[in-house]
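Engineer: What follows is each chain in one-letter form.
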Amino acid sequence: MHKIAAILDKIDCGIIILDEKQKVSLWNSWIANKSSIGSDIATGKDLNQIFKVKIPARLMEKILLVAKTGQSCLLSDRFNKRSFPLYQDFVIKEVLDQKIKISRIKNSKGKNYCLIQVFDVSDTNRKENFLIKQSKMVEEKNIELERNSKMAALGQMASGVAHEINNPLAILLGASGALRRSMSMGNLDIDVNNKYITQIENSVIRMAKIVQGLKIISRDSSAEDFSSVKITTLMEDIFGVCSEKFRIDGITLIFDSNNPAYDKVIECRRVQISQVFINLLGNASDAIENLPEKWIKIECAFVKDDIEFRITDSGNGIPKDIQEKIFQPFYTTKPIGKGTGLGLSLSSSMVKDHGGVFYVDNKCPNTCFVLRLPIFQKIAA
Amino acid sequence: MISLTDDQLDLLKEVFNLGVGRAAASLSTLADNKYEVLLSLPNVQIISIAEMVKILEVESNNKITTVSQAYSGSFNGTAHMIYSHVSSLRLVSLMLDSKVPEDRISELEKDALMEIGNVLINACLSSLGKMFNEEIETDLPKIVSGTPCAVFTDINPNLSEQVAFIRSEFCIKEENLKGYISLFLETGNFIKLLDLIDKYNRELLGE
Chain A
1 MHKIAAILDK
11 IDCGIIILDE
21 KQKVSLWNSW
31 IANKSSIGSD
41 IATGKDLNQI
51 FKVKIPARLM
61 EKILLVAKTG
71 QSCLLSDRFN
81 KRSFPLYQDF
91 VIKEVLDQKI
101 KISRIKNSKG
111 KNYCLIQVFD
121 VSDTNRKENF
131 LIKQSKMVEE
141 KNIELERNSK
151 MAALGQMASG
161 VAHEINNPLA
171 ILLGASGALR
181 RSMSMGNLDI
191 DVNNKYITQI
201 ENSVIRMAKI
211 VQGLKIISRD
221 SSAEDFSSVK
231 ITTLMEDIFG
241 VCSEKFRIDG
251 ITLIFDSNNP
261 AYDKVIECRR
271 VQISQVFINL
281 LGNASDAIEN
291 LPEKWIKIEC
301 AFVKDDIEFR
311 ITDSGNGIPK
321 DIQEKIFQPF
331 YTTKPIGKGT
341 GLGLSLSSSM
351 VKDHGGVFYV
361 DNKCPNTCFV
371 LRLPIFQKIA
381 A
Chain B
1 MISLTDDQLD
11 LLKEVFNLGV
21 GRAAASLSTL
31 ADNKYEVLLS
41 LPNVQIISIA
51 EMVKILEVES
61 NNKITTVSQA
71 YSGSFNGTAH
81 MIYSHVSSLR
91 LVSLMLDSKV
101 PEDRISELEK
111 DALMEIGNVL
121 INACLSSLGK
131 MFNEEIETDL
141 PKIVSGTPCA
151 VFTDINPNLS
161 EQVAFIRSEF
171 CIKEENLKGY
181 ISLFLETGNF
191 IKLLDLIDKY
201 NRELLGE
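So the sequence lines, in the order shown, correspond to chains A and B. The working numbering numbers the first residue of the first sequence as 1 and each following residue consecutively. The working numbering numbers the first residue of the second sequence as 1 and each following residue consecutively.
Be aware that a few hints might be false.
Stated by the list, open to error - The calculated lysine-lysine pairs, modelled on DSS-like cross-linking and capped at a C-alpha distance of 25 Å, are:
(1) A:68 with B:192
(2) B:130 with A:68
(3) B:54 with A:127
(4) B:34 with A:21
(5) A:136 with A:352
(6) A:68 with B:142
(7) A:352 with B:63
(8) B:110 with A:133
(9) B:130 with A:127
(10) A:81 with B:199
If you're looking for bench data, these hints aren't it; they were derived computationally from the structure. Values in this document were obtained by computation on a predicted structure and should not be read as measured data.
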């Protein structure tokens, strides 16, 4: 018994052994240190006599239950915030967070004893609280970064957007002037006047689409729900913002508008998917701006229950050694100040949120990104 | 192959119903009475571990956490409380008021899961012991996570062994949350358990 007591004194957790009458028969050094009550004082006494404060009722009940039934019990720190009055520091007097295990043991003479093991989980608790706090901060930062990256992508397109609006404005001004002249000259030819009115209407519709695209893409997408969107509508959002930049940069956009796949509807977060496309198209146009041949092709096809988009540009592909890295946050090949290094990493996480996949197709001789999205979203369990 | 008569099964259901009822009250207390945990009349099946694994694979998204406690007395074995990652873990995070996502259980959450399992297992075994007037002692709980197949192969590689698979539906009205609490008793000494059931039935009938 002395040998065992000596061993128990070296153990890094609290050990209390109670005899059949619930009196302390062993009180190891750990408990003595943390309670500042020596083994000589504690031995032979009830737990409630030893501590100056009352021991929580649930803990006492469990101890009695174990002694009576032999059914071992565990009291976790999560459910039992108040346990033994044990302290790390007797000046600050902050009660240790404890996990307590209680079980019944028999001695060689068949007598029952109750073994109470006390573990200090304060450090683990502190670490976990710190981690929770950190992960909350990371989450908040990510939302902010997503917003910044979206604005950066829109910024890249801004000059194009200005032109995009300027052109129909010029047409609008021209057509309304022509209409006024025609009418002031007493020309009431319906066909001629209608031609001007149609030009005015088309310009207004074109501008409305650009504004619609801008509104959609700059919207806060963090709380956006899935909705059914026609693929043509998605493309209109995207082209409204990009096409003028492509025209200015001399990039040909290859896109088969007669493809029946574009009439289909998919369940997606419209803002997020538009943003993924804007990022990809922005990257593509940056990558090919100095090449003699400049084109970007968008293809779309159904593959089983998914829809697959292939966005190919006239570039020569992405070297294998950096393919992994481009999906990592803050990795960019663009000059300082031009890229945030977040576009592809955010796009990739948005596609994952949709249950889709996003990768570089190495079989293609040009640079080709494949974006595959499920047509329907599974209802979460 | 062990099969139970209807009388034997009814008696087991009754025993576990008492245990589960007591456990529900203790769980509500654990949750500071913020939520009332309701547990339905349990369903008891005698099936092989392999069959049980199949049931759990389908409904747990192939990921479970079990809390196990060995028990001893007039019959020995291990009792396991099974948490599927679909709904039971939400129950726990509700009870804990935890902000931690259910798929990332931390060390201390594991202790809390063990405590809930401990409450349930002890309550069920107590009512079993009380009914037969036998003392059933239990060891401290242990926790294992993984796919049902990996977890049970680890617990008992003999997948054809028969176990008593007890399930009860739980419900928290306030949160509109429903799910299963599953428990199984692995008993190397099933015959002894059946003897006790028969003895009890005979005494009840005054034979």
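Engineer: None of the hints should be skipped; say for each whether it holds.
Structural biologist: To see whether the hints hold, each was checked on the structure:
1. A:68 with B:192: Given pair residue 68 of chain A, residue 192 of chain B holds - Cα atoms ~24 Å apart, limit 25 Å.
2. B:130 with A:68: The given pair, whose Cα atoms are some 13 Å apart, holds under the 25 Å limit.
3. B:54 with A:127: violated, 38 Å
4. B:34 with A:21: Roughly 36 Å between the alpha carbons, so the hint for residue 34 of chain B and residue 21 of chain A is violated.
5. A:136 with A:352: holds, 20 Å
6. A:68 with B:142: holds, 22 Å
7. A:352 with B:63: holds, 21 Å
8. B:110 with A:133: This hinted pair holds, its Cα atoms lying about 19 Å apart.
9. B:130 with A:127: Given that 25 Å is the threshold and the Cα spacing comes to 43 Å, the pair is violated.
10. A:81 with B:199: Outside the cut-off at roughly 44 Å; violated.
The structure is inconsistent with the numbered hints 3, 4, 9 and 10, although it conforms to all the rest.
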